[in-house]
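Protein chains in written order, with UniProt numbering: chain A, 1 to 411; chain B, 1 to 411.
The hints are simulated quantities; they were obtained by calculation from the structure and are not laboratory data.
Think of the CB as a built atom: it goes at the ideal place given N, C-alpha and C, for glycine as much as any other residue.
Result set (EDC-like, lysine to aspartate or glutamate): computed pairs, CA atoms no more than 20 Å apart in a straight line:
1. Lys121/B <-> Glu88/A
2. Lys118/B <-> Asp217/A
3. Lys118/B <-> Asp90/A
If we take Cβ atoms under 8 Å as the criterion, some of the chain A residues that face chain B in the derived model are:
4. Met131
5. Cys139
6. Val142
7. Glu180
8. Ile189
9. Leu190
10. Gln205
Counterexamples of contact, computed for chain A against chain B with all Cβ distances above 10 Å:
11. His268
12. Thr275
13. Leu324
14. Glu361
15. Gly368
Protein chains: 2
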Amino acid sequence: MNADNRHLESKKIIVLGGDGFCGWPTSLHLSNVGHEVIIIDNLSRRNIDNELEAESLTPIQPMGTRLKVWKEISGKEIKFYNTDIALEYDHFLKIINDEKPDVIVHFAEQRSAPYSMKSSKNKRYTINNNMNATHNVLCAMVESGLDIHLVHLGTMGVYGYGTAGMKIPEGYLDIEVETEAGERVKQQILYPTNPGSVYHMTKSQDQLLFQYYNKNDRLRITDLHQGIVWGTNTKETRQDERLINRFDYDGDYGTVLNRFLMQAAVGHPITVHGTGGQTRAFIHIQDTVRCVQLAIENSPSYEDKVMIFNQMTETHRVRDLAMLVSELTGGEIAYVSNPRNEAPENDLHVRNDLFLSKGLEPITLDEGLLQEVTNVARKYAHRADHSKIPATSTWTKDQLPGVPKEKITDI
Amino acid sequence: MNADNRHLESKKIIVLGGDGFCGWPTSLHLSNVGHEVIIIDNLSRRNIDNELEAESLTPIQPMGTRLKVWKEISGKEIKFYNTDIALEYDHFLKIINDEKPDVIVHFAEQRSAPYSMKSSKNKRYTINNNMNATHNVLCAMVESGLDIHLVHLGTMGVYGYGTAGMKIPEGYLDIEVETEAGERVKQQILYPTNPGSVYHMTKSQDQLLFQYYNKNDRLRITDLHQGIVWGTNTKETRQDERLINRFDYDGDYGTVLNRFLMQAAVGHPITVHGTGGQTRAFIHIQDTVRCVQLAIENSPSYEDKVMIFNQMTETHRVRDLAMLVSELTGGEIAYVSNPRNEAPENDLHVRNDLFLSKGLEPITLDEGLLQEVTNVARKYAHRADHSKIPATSTWTKDQLPGVPKEKITDI
Ligand SMILES: NC(=O)c1ccc[n+]([C@@H]2O[C@H](COP(=O)([O-])OP(=O)(O)OC[C@H]3O[C@@H](n4cnc5c(N)ncnc54)[C@H](O)[C@@H]3O)[C@@H](O)[C@H]2O)c1
Ligand SMILES: NC(=O)c1ccc[n+]([C@@H]2O[C@H](COP(=O)([O-])OP(=O)(O)OC[C@H]3O[C@@H](n4cnc5c(N)ncnc54)[C@H](O)[C@@H]3O)[C@@H](O)[C@H]2O)c1
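Based on the provided sequences and hints, a complete structural model is requested.
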């Protein structure tokens, strides 16, 4: 059974960060399957492009054009509010009170680990934006008195990946502790995190916010711990070039697979950091939008704790991906030194039974990769700015003694 | 051996929040034993008094007077900067770069659980102030490139107190996890928290910040998980009435024992919430300042993880304290319904071996209580505003279904 056909009842859904890489195709998908969609976004991601003098490889259109075209093509209206949910709480609350959504999908955070590490200003922006954004969402849910289901996008990267060969579970860990009396008692705790960047740390702090508001105010929350998203388009964004999704390839926002594809397409060497021995979890953007839909349709009840799902479909070693892309394109691989403070090689075992059990039929790299090379990377290669390809953020101050090599990931 | 006499080398110490209840006597104590002390405070606590139309029972003097008198009495100079460390990062960094401290003691957070729960504005202020304050401290330490030891004040309340009869350890928990291969592997994790208010949650988030910056930038950090502080004066603040410390008795900032003392002194019934079966950990303000000194003198090295100590000296059930105060003063006890979302009765087992092993000789309730009643509560009873005595914050929106009774504490 395909997730798209399982739609049961139309809901009113606010998508926070609906102008972004995941948020835009999710908004269109949810609108397409019959939900009423409202986007809130402060366009900070486009402003960061200005700051970094970088640009999406694909020619993304302004929000006004995007929504007009979608209306023409689908007959469906998506409302848009340009609001900063971290800084404009009163306006944000008013939107919630006026629109009375059934669901809020929360993508609206600064999501690049390298960007979060560029300077003390970037670290501080990431903490301030992400903490206040998430907390304002929770506050507004409580203050509105409405019964809203929150779906948040987290990352599997909070775990620092693959400690001690453990299978990354879906959110919780069963432990045994010893009491004063010497008895062993079972407890379930949030799976301990090991964030490798300020960005990842905000996701780890988000988890505490969710746990608290779920416990104290009985908020219904689903937290999707996503792998690295690859691909560009979905069924909906493919319908008109003006609906095209963003494709980041710069050293800060470009994630590993999209960077490889684009490097190959423009004849740049495929740059692998270190040995490329890091294993990462991946998901195609088409599956992201389906998983969010599944999460919306399987909402928790008041008695449930925060529901945490791993949102990924396959794991690969970075150098294997590079070789795959190299075979497909004839591009040559260059091994460069790693700007990150991370372990050179790691395994990764992820549990993702939940989404599979709910009917997800994943798009695999084997199927999607060639299409991506031909229809996106090669097609828009002329728009690439080669100077933006190298990664420039460094992780720690070199003069500090004893800084250990730690595990870290992109997203 | 008394902690006061163990002073080895003079350090330059910045006290963040040095105008507050703990920060002021700590600043004087550190100055007195020979350290060079610099206070940073934005006076937000005095401004909150204005907002709540409440006042310290004791007549605290403005910072200018406090420092002038200290200079007269001790011959020692304490510098003061009125700066908001959460909002004025550039100024804060400049102070660090100019002063080049060896140690930063960080008291500068919004510290009342009831205040943090009063309204959505208060929740948001607490998150924004505490997250940015702590993160700015860490950022400035990294950006300055100086080798600074951070001593932070946390609270034992992050654990929600006494889950499953466990002894509250000093920060970490050893667990065993199962790997993919079915082996059992030992790991040490941050002791899982169970915060009962937005205030407590910020302390739990602080822990993640410390763990991250310790790991990534090798910052040297001591986190003191403090119990409820009681008492008013220390050796130094007693030297002149104009050096007197604050004594909060209002429903938001007054902590349990000080509220009892003051109620008894003014002839108000000693109000116990619920059955008074909650067990809490306590420490006298004189011991707080000594523990901070001990923490400064026992600084971690680069290789150490964040050092976490429990800073408390005895535990008591709330109703036993009420009875103690009642016996001492003849005051009558009134049991009122509990405005908090917490368990009615709990045990508490706390590990505090570390401070005891380092030479702390605690002041016990038996010794200090009568003095406090006579020299503070009775002496300043005429300054009390009786209308400020009841606690008014409530913890959850009643209309939300299924809200459970959870464990919570004052500080
Ligand atoms: N892209 C990935 O590979 C990936 C992987 C795992 C998790 N995630 C998570 O999914 C979410 C979305 O990621 P993305 O790749 O779409 O990122 P993105 O940067 O493309 O989109 C985020 C959107 O949120 C908006 N935004 C940020 N702060 C805001 C604020 N304060 N107020 C209003 N809008 C704000 C931005 O303008 C942007 O349009 C993030 O939380 C990210 O951590 C992404
Ligand atoms: N008082 C207790 O019983 C107790 C118990 C456990 C832990 N603690 C912790 O000890 C610390 C100090 O507690 P306290 O009782 O002295 O509180 P307090 O409110 O009396 O003092 C805090 C001081 O910090 C200042 N401050 C707050 N935010 C600031 C900012 N952004 N910039 C500059 N200054 C700022 C305030 O003006 C105030 O003077 C707190 O972190 C608290 O959580 C206190």
